[in-house]
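Residue numbers (my numbering), protein chains in the order written: chain Z, 31 to 386; chain H, 31 to 386.
Warning: the hint list may mix true and false statements.
The list treats identical chains as interchangeable, and a pair is accepted whether it falls inside one copy or across any two copies.
Once the Cα atoms are required to be at most 25 angstroms apart in a straight line, the calculated SDA-like pairs of lysine to any residue come out as [as the list claims (entries may be wrong)]:
1. 83 <-> 180
2. 286 <-> 309
3. 286 <-> 153
4. 83 <-> 219
5. 83 <-> 302
6. 83 <-> 323
7. 286 <-> 157
8. 83 <-> 288
9. 286 <-> 352
10. 286 <-> 321
11. 83 <-> 281
12. 83 <-> 325
13. 286 <-> 324
14. 83 <-> 328
15. 286 <-> 259
16. 286 <-> 180
17. 83 <-> 252
18. 83 <-> 344
19. 286 <-> 36
20. 286 <-> 224
21. 83 <-> 379
Just so you know, these hints were derived from the structure itself, not from any lab.
There are 2 protein chains.
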Amino acid sequence: MDSSHFSPVSFMRPAVDAELADFVRRRRAEVLEIGEELAPVLDALEAMLAGGKRIRPAFCYWGWRGAGGPETRAIHVAAAALEFLQACALIHDDVIDNSDTRRGLPATHRRLAVLHASSGWTGDSAAFGQGAAVLLGDLCLAWCDAMYQSSGLSEAALRAGRPAFDLMRSEVMAGQYLDLVEQAREADTVDAALRVMTYKSAKYTIERPLHLGAALAGRHDELAPVYTAYGIPLGIAFQLRDDVLGVFGDPDETGKPAGDDLREGKRTVLVAETLRRAPAAGAAEFRRHLGDPDLSAETVEWMRDLITDSGALAACERRIDRYVAQATDALQTDAVADDARSALADLIVAATARKH
Amino acid sequence: MDSSHFSPVSFMRPAVDAELADFVRRRRAEVLEIGEELAPVLDALEAMLAGGKRIRPAFCYWGWRGAGGPETRAIHVAAAALEFLQACALIHDDVIDNSDTRRGLPATHRRLAVLHASSGWTGDSAAFGQGAAVLLGDLCLAWCDAMYQSSGLSEAALRAGRPAFDLMRSEVMAGQYLDLVEQAREADTVDAALRVMTYKSAKYTIERPLHLGAALAGRHDELAPVYTAYGIPLGIAFQLRDDVLGVFGDPDETGKPAGDDLREGKRTVLVAETLRRAPAAGAAEFRRHLGDPDLSAETVEWMRDLITDSGALAACERRIDRYVAQATDALQTDAVADDARSALADLIVAATARKH
Numbered sequence: 031m032d033s034s035h036f037s038p039v040s041f042m043r044p045a046v047d048a049e050l051a052d053f054v055r056r057r058r059a060e061v062l063e064i065g066e067e068l069a070p071v072l073d074a075l076e077a078m079l080a081g082g083k084r085i086r087p088a089f090c091y092w093g094w095r096g097a098g099g100p101e102t103r104a105i106h107v108a109a110a111a112l113e114f115l116q117a118c119a120l121i122h123d124d125v126i127d128n129s130d131t132r133r134g135l136p137a138t139h140r141r142l143a144v145l146h147a148s149s150g151w152t153g154d155s156a157a158f159g160q161g162a163a164v165l166l167g168d169l170c171l172a173w174c175d176a177m178y179q180s181s182g183l184s185e186a187a188l189r190a191g192r193p194a195f196d197l198m199r200s201e202v203m204a205g206q207y208l209d210l211v212e213q214a215r216e217a218d219t220v221d222a223a224l225r226v227m228t229y230k231s232a233k234y235t236i237e238r239p240l241h242l243g244a245a246l247a248g249r250h251d252e253l254a255p256v257y258t259a260y261g262i263p264l265g266i267a268f269q270l271r272d273d274v275l276g277v278f279g280d281p282d283e284t285g286k287p288a289g290d291d292l293r294e295g296k297r298t299v300l301v302a303e304t305l306r307r308a309p310a311a312g313a314a315e316f317r318r319h320l321g322d323p324d325l326s327a328e329t330v331e332w333m334r335d336l337i338t339d340s341g342a343l344a345a346c347e348r349r350i351d352r353y354v355a356q357a358t359d360a361l362q363t364d365a366v367a368d369d370a371r372s373a374l375a376d377l378i379v380a381a382t383a384r385k386h
Numbered sequence: 031m032d033s034s035h036f037s038p039v040s041f042m043r044p045a046v047d048a049e050l051a052d053f054v055r056r057r058r059a060e061v062l063e064i065g066e067e068l069a070p071v072l073d074a075l076e077a078m079l080a081g082g083k084r085i086r087p088a089f090c091y092w093g094w095r096g097a098g099g100p101e102t103r104a105i106h107v108a109a110a111a112l113e114f115l116q117a118c119a120l121i122h123d124d125v126i127d128n129s130d131t132r133r134g135l136p137a138t139h140r141r142l143a144v145l146h147a148s149s150g151w152t153g154d155s156a157a158f159g160q161g162a163a164v165l166l167g168d169l170c171l172a173w174c175d176a177m178y179q180s181s182g183l184s185e186a187a188l189r190a191g192r193p194a195f196d197l198m199r200s201e202v203m204a205g206q207y208l209d210l211v212e213q214a215r216e217a218d219t220v221d222a223a224l225r226v227m228t229y230k231s232a233k234y235t236i237e238r239p240l241h242l243g244a245a246l247a248g249r250h251d252e253l254a255p256v257y258t259a260y261g262i263p264l265g266i267a268f269q270l271r272d273d274v275l276g277v278f279g280d281p282d283e284t285g286k287p288a289g290d291d292l293r294e295g296k297r298t299v300l301v302a303e304t305l306r307r308a309p310a311a312g313a314a315e316f317r318r319h320l321g322d323p324d325l326s327a328e329t330v331e332w333m334r335d336l337i338t339d340s341g342a343l344a345a346c347e348r349r350i351d352r353y354v355a356q357a358t359d360a361l362q363t364d365a366v367a368d369d370a371r372s373a374l375a376d377l378i379v380a381a382t383a384r385k386h
């Protein structure tokens with residue numbers, strides 16, 4: 031492999047994909063025995079899994095390798111299990127936000143609403159889709175831990191990984207709830223946005239998967255502080271980059287309409303910085319538009335200009351740079367094995383680089 | 031204890047209650063550290079847990095004791111974990127059905143909608159409540175397996191229990207999905223109702239908890255057929271009794287308005303029998319009313335009369351008797367330890383007796 035093209039995420043992808051496919055194939059028969067009507071639900075699950083970026087498995091894997099864990103199938107399985115947690119989080123998130131699309135395709139509950147409508151069933155198609163998606167998310171959550179537990183890692187390893195595995199699940203749900211509360215309170219401070227980001231993104235996406243990998247390899251206590259010092263700032267930088275893309279990103283790449291985060295009214299750091307930096311009249315008008323699902327393209331353009339002209343975008347980019355520097359510094363330690371250190375450094379770039 | 035008043039469910043209750051309280055207390059601190067805003071969500075969880083009947087823990091426990099398992103704290107913990115699965119199922123079920131009440135109290139999503147409204151937050155209170163309830167159900171599901179895994183049973187026991195534990199979760203979600211599909215298809219046959227009942231109730235409530243108990247005690251293969259022969263008919267009889275109560279039960283005891291199942295349009299065996307046995311004109315009118323949320327008290331009365339006069343109620347009672355006899359017969363074996371056999375016999379009565 032040409033090292034200039036080595037990607038620490040896509041390196042993992044074939045193994046994770048294969049393990050997920052294998053797990054679902056074995057469970058499919060079991061589920062279809064309950065009822066053949068479940069086939070479209072499993073298809074929706076496979077479609078959701080296919081689109082996953084394998085970010086959490088990658089961090090879990092490199093957390094393990096950084097702790098000196100060997101290349102084994104078992105770690106691929108345990109890491110791949112995290113994709114089921116992510117599938118649950120996304121399926122339920124789309125129900126909660128009533129989002130129509132995910133990665134440019136119909137959201138799971140929309141897909142299952144279409145199944146209802148095209149089958150000519152009675153009742154409300156949207157309600158059917160939502161109900162079915164809640165149940166499918168539940169199934170994903172149950173399969174996450176079934177896959178983890180059946181990974182083939184030793185009982186001692188699985189037990190050592192449990193605290194991180196359990197915290198990861200509590201924290202993402204708590205973080206999502208805080209996000210709901212902050213939206214409802216119309217919180218618009220940088221601190222509020224950073225707290226939600228810390229739990230919903232930084233810990234869930236990076237820190238805990240790394241902790242899990244280290245714990246599975248039996249070196250949690252030694253490596254957890256290093257992985258936290260790397261993972262939290264990187265996770266926040268990653269989310270900040272995502273927030274910038276949510277406003278300025280190319281719809282073809284993000285899979286979401288341009289300016290979608292503004293229509294949704296997401297309380298991001300970018301928004302908080304804009305409200306803090308813009309002139310009062312502009313900030314008031316910006317606040318009025320934020321969260322309006324019917325925002326025109328012109329208004330989106332006006333809002334983008336205010337984000338740029340107020341200096342909020344530049345401030346956000348400086349913040350990303352600062353967090354990236356912190357994450358990079360955290361890797362300056364011999365505690366993490368060399369190849370993993372290099373992969374984790376590459377992951378900083380992959381997670382936070384500006385997209386063109 | 032006066033044996034004439036011995037109840038194999040309430041016998042379990044103090045131990046299960048204590049373990050649940052202990053588990054939640056330890057996690058509460060962890061969750062509140064993420065954000066104090068989570069306190070009302072944990073309160074909602076505790077309210078839901080407090081109302082649970084501990085039926086699944088009781089069957090798990092007696093499945094263990096029937097397999098010769100000793101009286102230990104660890105089995106109480108593992109059995110109690112099933113209450114978190116049930117809490118998830120009920121919280122999500124109420125979201126899916128958009129039910130206002132559960133056991134005579136506001137459903138969890140309604141309770142959290144009230145929190146939103148009384149806090150003066152912006153946005154739609156109902157949507158907030160539903161979103162928060164979806165997340166709380168997810169937390170329950172994660173805690174179910176966290177509690178199971180931390181029960182203190184041996185690794186070998188936990189591993190042996192895994193297949194039943196995993197199947198139980200897949201089956202209840204699949205069963206609930208089939209229920210949605212059958213409602214949407216307006217299925218009105220006895221067979222359709224029996225299939226949903228088998229997965230959503232009989233396996234989930236009785237058979238799999240018994241299998242889990244036997245597996246944890248290391249005797250799954252020997253006892254599973256006995257527990258299936260007992261659990262499936264008893265589970266169906268239990269659900270049939272519940273269906274009768276859902277139409278004829280005292281609102282003070284069921285915690286639901288009189289005739290609520292008729293307003294909800296539940297496709298029960300009782301309904302299927304009525305549609306099959308009533309004169310065509312009556313059946314057609316019955317079908318028209320079924321699922322109308324605004325059914326008047328008079329129409330509910332008319333529907334009840336048709337259920338009785340058509341012979342559907344008597345047929346349902348005969349069916350209950352038949353299933354009870356099957357469950358009773360299944361216990362005629364030395365494979366199950368004596369005290370557990372006696373408790374399981376008592377559970378037949380407790381689960382299926384007519385309420386006055």
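Each hint tested on the structure:
Taking the closest pair of Cα atoms, residue 83 and residue 180 come within 25 angstroms of each other only inside a single copy of the chain (22 angstroms); across copies the shortest separation is 31 angstroms, beyond that limit. With identical chains, the CA atoms of residue 286 and residue 309 are never at most 25 angstroms apart, being 29 angstroms at best within one copy and 56 angstroms at best between copies. In the homo-oligomer, the alpha carbons of residue 286 and residue 153 lie at most 25 angstroms apart only across protomers (23 angstroms), although the nearest pairing inside one protomer, at 30 angstroms, exceeds that limit. Within a single copy, residue 83 and residue 219 get their C-alpha atoms no closer than 30 angstroms, and across copies no closer than 44 angstroms, so neither meets the 25 angstroms cut-off.
Taking identical chains as interchangeable, the C-alpha atoms of residue 83 and residue 302 are never at most 25 angstroms apart, the minima being 28 angstroms within one chain and 47 angstroms between chains. For a Cα distance limit of 25 angstroms, the shortest separation of residue 83 from residue 323 qualifies neither inside one copy, at 28 angstroms, nor across copies, at 44 angstroms. For a Cα distance limit of 25 angstroms, the shortest separation of residue 286 from residue 157 qualifies both inside one copy, at 23 angstroms, and across copies, at 22 angstroms. Taking the shortest alpha-carbon separations for residue 83 and residue 288, only the intra-copy value of 21 angstroms comes in at or below 25 angstroms, while the best inter-copy value is 50 angstroms.
In this homomeric assembly, residue 286 and residue 352 never come within 25 angstroms of each other (Cα to Cα): the closest approach is 28 angstroms inside a single copy and 57 angstroms across copies. For the identical chains of this complex, residue 286 and residue 321 are intra-copy neighbours only, at 15 angstroms inside a copy versus 38 angstroms across copies, given an alpha-carbon limit of 25 angstroms. Only within a single protomer do residue 83 and residue 281 lie at most 25 angstroms apart by alpha-carbon distance; the minimum there is 18 angstroms, versus 51 angstroms between protomers. In the homo-oligomer, the alpha carbons of residue 83 and residue 325 never lie at most 25 angstroms apart, since the shortest distance is 30 angstroms inside one protomer and 50 angstroms across protomers.
Taking the closest pair of Cα atoms, residue 286 and residue 324 come within 25 angstroms of each other only inside a single copy of the chain (15 angstroms); across copies the shortest separation is 41 angstroms, beyond that limit. With identical chains, the CA atoms of residue 83 and residue 328 are never at most 25 angstroms apart, being 33 angstroms at best within one copy and 57 angstroms at best between copies. Taking the closest pair of Cα atoms, residue 286 and residue 259 never come within 25 angstroms of each other, the shortest separation being 32 angstroms inside a single copy and 53 angstroms across copies. In this assembly of identical chains, the alpha carbons of residue 286 and residue 180 never lie at most 25 angstroms apart, being 36 angstroms within a copy and 41 angstroms across copies at closest.
Taking the shortest alpha-carbon separations for residue 83 and residue 252, neither the intra-copy value of 29 angstroms nor the inter-copy value of 44 angstroms comes in at or below 25 angstroms. Proximity of residue 83 and residue 344 under a CA criterion of 25 angstroms is satisfied in neither setting, with 28 angstroms inside one chain copy and 57 angstroms between copies. For the identical chains of this complex, residue 286 and residue 36 are neighbours neither inside a copy (28 angstroms) nor across copies (61 angstroms), given an alpha-carbon limit of 25 angstroms. For the homomeric pair residue 286 and residue 224, the shortest alpha-carbon distance inside one copy (23 angstroms) is at most 25 angstroms, but the shortest distance between copies (44 angstroms) is not.
Only within a single protomer do residue 83 and residue 379 lie at most 25 angstroms apart by alpha-carbon distance; the minimum there is 16 angstroms, versus 53 angstroms between protomers.
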